[in-house]
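Residue numbers (numbering that gives the first Met the number 0), protein chains in the order written: chain R, 0 to 328; chain L, 0 to 328; chain S, 0 to 328; chain W, 0 to 328.
Bear in mind the hints are in silico, worked out from the structure with no lab data behind them.
Do not take every clue at face value.
Ranges between beta-carbon positions, derived for each pair [stated by the list, open to error]:
id	chain 1	residue 1	chain 2	residue 2	range
1	R	152	S	137	18 to 28 Å
2	R	134	S	20	50 to 60 Å
3	L	217	S	139	34 to 44 Å
Idealized CB from N, CA, C, for every residue including glycine.
Number of protein chains: 4
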Amino acid sequence: MLNIGLLGCGRIGQVHAASLQHIDGAHAAAVADAFPAAAEALAAKTGAKVMTSDAIIADPSIQAVVIGTPTDTHFDLIEASARAGKAIFCEKPVDMSADRIRTLIEIVEVAGVPFLTGFNRRFDPGFATMQARIAAGDIGDVELVTILSRDPSPPPVSYIKSSGGLFRDMMIHDFDMARFLLGEEVVRVFATGSALIDPAIGAAGDVDTAVAVLTTASGRICQISNSRRATYGYDQRAEVHGSLGLLRANNVTENNVEFASGAGFRTAPAQHFFLERYAGAYRAEMLHFIGCLSSGKTPSPGIRDGLAAQRIADAAAQSLETGLAVDLD
Amino acid sequence: MLNIGLLGCGRIGQVHAASLQHIDGAHAAAVADAFPAAAEALAAKTGAKVMTSDAIIADPSIQAVVIGTPTDTHFDLIEASARAGKAIFCEKPVDMSADRIRTLIEIVEVAGVPFLTGFNRRFDPGFATMQARIAAGDIGDVELVTILSRDPSPPPVSYIKSSGGLFRDMMIHDFDMARFLLGEEVVRVFATGSALIDPAIGAAGDVDTAVAVLTTASGRICQISNSRRATYGYDQRAEVHGSLGLLRANNVTENNVEFASGAGFRTAPAQHFFLERYAGAYRAEMLHFIGCLSSGKTPSPGIRDGLAAQRIADAAAQSLETGLAVDLD
Amino acid sequence: MLNIGLLGCGRIGQVHAASLQHIDGAHAAAVADAFPAAAEALAAKTGAKVMTSDAIIADPSIQAVVIGTPTDTHFDLIEASARAGKAIFCEKPVDMSADRIRTLIEIVEVAGVPFLTGFNRRFDPGFATMQARIAAGDIGDVELVTILSRDPSPPPVSYIKSSGGLFRDMMIHDFDMARFLLGEEVVRVFATGSALIDPAIGAAGDVDTAVAVLTTASGRICQISNSRRATYGYDQRAEVHGSLGLLRANNVTENNVEFASGAGFRTAPAQHFFLERYAGAYRAEMLHFIGCLSSGKTPSPGIRDGLAAQRIADAAAQSLETGLAVDLD
Amino acid sequence: MLNIGLLGCGRIGQVHAASLQHIDGAHAAAVADAFPAAAEALAAKTGAKVMTSDAIIADPSIQAVVIGTPTDTHFDLIEASARAGKAIFCEKPVDMSADRIRTLIEIVEVAGVPFLTGFNRRFDPGFATMQARIAAGDIGDVELVTILSRDPSPPPVSYIKSSGGLFRDMMIHDFDMARFLLGEEVVRVFATGSALIDPAIGAAGDVDTAVAVLTTASGRICQISNSRRATYGYDQRAEVHGSLGLLRANNVTENNVEFASGAGFRTAPAQHFFLERYAGAYRAEMLHFIGCLSSGKTPSPGIRDGLAAQRIADAAAQSLETGLAVDLD
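Given the sequences, and given the hints that come with them, work out the whole structure.
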């Protein structure tokens, strides 16, 4: 039985705890949170002990930590956990600074501990199926990737100010998805954007509507578009055009009912809430992490995938500012 | 160049005239109608001569007639045309009486003239594709056929009184479709129905909502449902469940645009008007008829198919009245 | 905290135990099974005590039982539980005999205990949404209901022999769904069927392909079709045609990926396994049961719904045998 | 009755002739082609006279010309027709040089003759409906436009060499569509592309896979992607994300039949041939042109729309070469 320590008992920590309840061979042994009440509540549901993060990291009976704390605490928790020999599952982004992620890579790789970066969408049944079929050769060579991603509604401007901006906070998921589907490293980034939804977002120096064009060394191209608002739900689509065919992951709707009337045929809107939309992905992600710990396989996406997405996000932000395409070395 | 005589220049006659304009090797040579103005108008569009029906049938330069006149004139026109050696394309129903159709079969078969019964839906790209794939073995053995057919709105009660009732006027199309898709003769019919849309239809002795269950000797089953009213367009669907898979013909919508909003994803309603919905079918039907005349092949569905559908309709009407399933000998 | 006793720890008992883990205010307090190992395994996962059924029913600290044992044990367990004042959640069918269900109704109603019949499909997000929208008047008056239900593959013939036949074992779900969607009692049943999939099923006196036509006093009509085999998954669809529009519950596919190639656009097959297809339904069903216990509301569908579906199934079996429509008094 | 002269009797000239046969109040009065046999054949079908282009332009009884000749002949034919006071319907591109189009604009505007540029896709029922709904405010403010356009297979390399390149030959349709849907002029263009399908296309100095990002003064963004090859048909999609919702024009498939099997649910591929896919668009386009001549309304898109699309194509080609975004003044 693997003993897992959950660092952070907020919304995402609770999701990971629930996933563990469905997995044989692992359980939440200890939980920690800056707010004791949050830790107590999660402990009551799971049977885990409430401890401090330090105590969890120091406890030799705990084999792995799941880090779901605020981003600015990730660096120290990763460093300490790696030095303590713990396997690490860290929510994205690993850190807001690519340089600091580089430092962590060294620490983690020296320590030789398994590391999973929480790009949950790779584990979504749709996107995972799509990538598996690409890898199986179903569409031949990948040529054009199109990713459309729109949130139901924008976060508060206060959040946007500390978020690092749309490219680092929202489109970073799509940058990771692009790498996942392109099957080749991105070498060039062009991005542009506008504040069309809320002028306050523009006043805060950010955009709420944006696109990026990524290219690879062999000439594969990926287009991404983001909007901070979609009236019809959480819009999460991708398609990959290859030499032999096209794969497309469509939206997941709230139910399978269709209503026909004089206005036409109407299906339900897309699921609105990311925890509902990606419920299956979160479960599969934890299953993958625990499975790697049991089998000795290397978790993927790893910490270097966290860096790669962050670097594309940085390049996109720079392209938006300068109007020029940015080469990744 | 085949010279075709159009008997009847109403709505359906105009459709057949337009189809002929797109076909090489045949043209509307003469048109006739009880209303001279209708014949004149169609002649002006096509270059055909205005003649009487009798004159057309008597004209040795005319090889074929297309009969689109009221049903009660079909018998005489078919008899005269057959005796004159004309190939015949007659709109459905051939006649309201199965016995009179039997008489016509004898006349037509003695005369040895090609005969096409105008069950246009067999030529619809959807239904024709479905039947061709069944014939090609794509779904293995046919087991269950489901036909859903609903008109946009009921005809006037005055029409219903002289129509022969829902089974002979509306569901007869579905009885022919059932035979087309089942690939085996129907031996037993159960039907029931209600007047739910308009009490006046019930008062006129008819139903506006009805279902039928048809079975074949080998145990294949077909379910049909009809409604005289559908708010969302002209609902025309069929599906065939076989041992290896399912084939389904979906509705044809007015356009391919989808609208996403908080209420969900909405596509256009089904095409409303039968002439629009079956425009492709009418063109393919005429192409088939002319093709048979050129190649010497036998047109299908023939006059015996007209009788078979009529007999099922009679049995359904009897089942509705008696509450009992009716065996076809 | 409600203490729930699970009678039966097989596949369905495990599903109900998992549902309870997600519900606040209730937990599996005790489990029983004829096979001690099954009870032990479920106890280990849930923290419940292993007890005998008798002991559970006799335990005053347990407020409700969930009966997931073989059908022939239902009668005694229901009787004992009702007399002990337990709330009862019993899997369908309540019993194979309508007369014995009538006896149970008297016992349960005299005891005054809450009773839920496990027609899980009523709680499926699709069918539940459809019924809620009908009740809200979205499609006006219900006129025609069409239910298509096909299993991925037939059960062993040995099972079929003891199952009561297709109408009582499989279509009974659809009879309940018909009542749920029609909103009016069924007064007349016509059914027919064939053994097309496996002659051994026919030899065992049953059919594997069947249809039924149900009518209500006001003339509403429901068509049902069943097949014991569908190559493309667990086919579970229903549609309701009303005076103002149509509601349709489509199949749920394995994922949301579409593959486009020269052969066309292909989506995943329908989910195959009933526990996966109705996972959401089982959770919602238990939530409803527990919610009723907490709030004092009456669970629905109740034991009289179990009887009503059974009576339609009996009538359908009789209609198949006699070829006549059967009136329900 | 309007007398129309068709200049060019090739594939597209034949399409326009067929459209005229369905329009009251206009007919093909004369046809011209460099190959006399082509003109003779079209004359036989339509009843038009065979004349030279010069004679048609000089004939005072002819009110309008439809120019479907090779692009390099457009300039002279437009100039002569305009000076002769003819209304002009000219296939796209008006000319390969933006400067020469500017010269033609002056000539046409001085002559004051109606001019329609043959961007047929604006008249497609899907795209036209989408634009009409945007104009009606259904999705609020336009924010993001996505256009996906893929040909079934690449043209011969010989054609590509004289085509002006992908941006001027293929994506020019999408640039016009972008202007149509954005509702605002494009001020900035970024484009990139690769030769992934056929190295010979790359050797000829062109690309076969390309994307463009267009932005408007107010910050609206349009993404376009093109491929010269799609295994699944002629892929023609667009979607517009607005403040109140999303409009999407889906592909048109060869028929409405769905096939379900163990491999999933499969619909027909997209229509392959542009003349079939845009049959409705060509008819609506001619109806619009003739309608404008009858009513005195100004045809749209006009010659200035031809210039605007050409300028975006030139900017895209420049962006591809330089790697920089290009501003349109």
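Against the structure, the hints come out as follows:
no., hint, verdict
1, R/152 x S/137: 18 to 28 Å, "holds, 27 Å"
2, R/134 x S/20: 50 to 60 Å, "violated, 35 Å"
3, L/217 x S/139: 34 to 44 Å, "holds, 40 Å"
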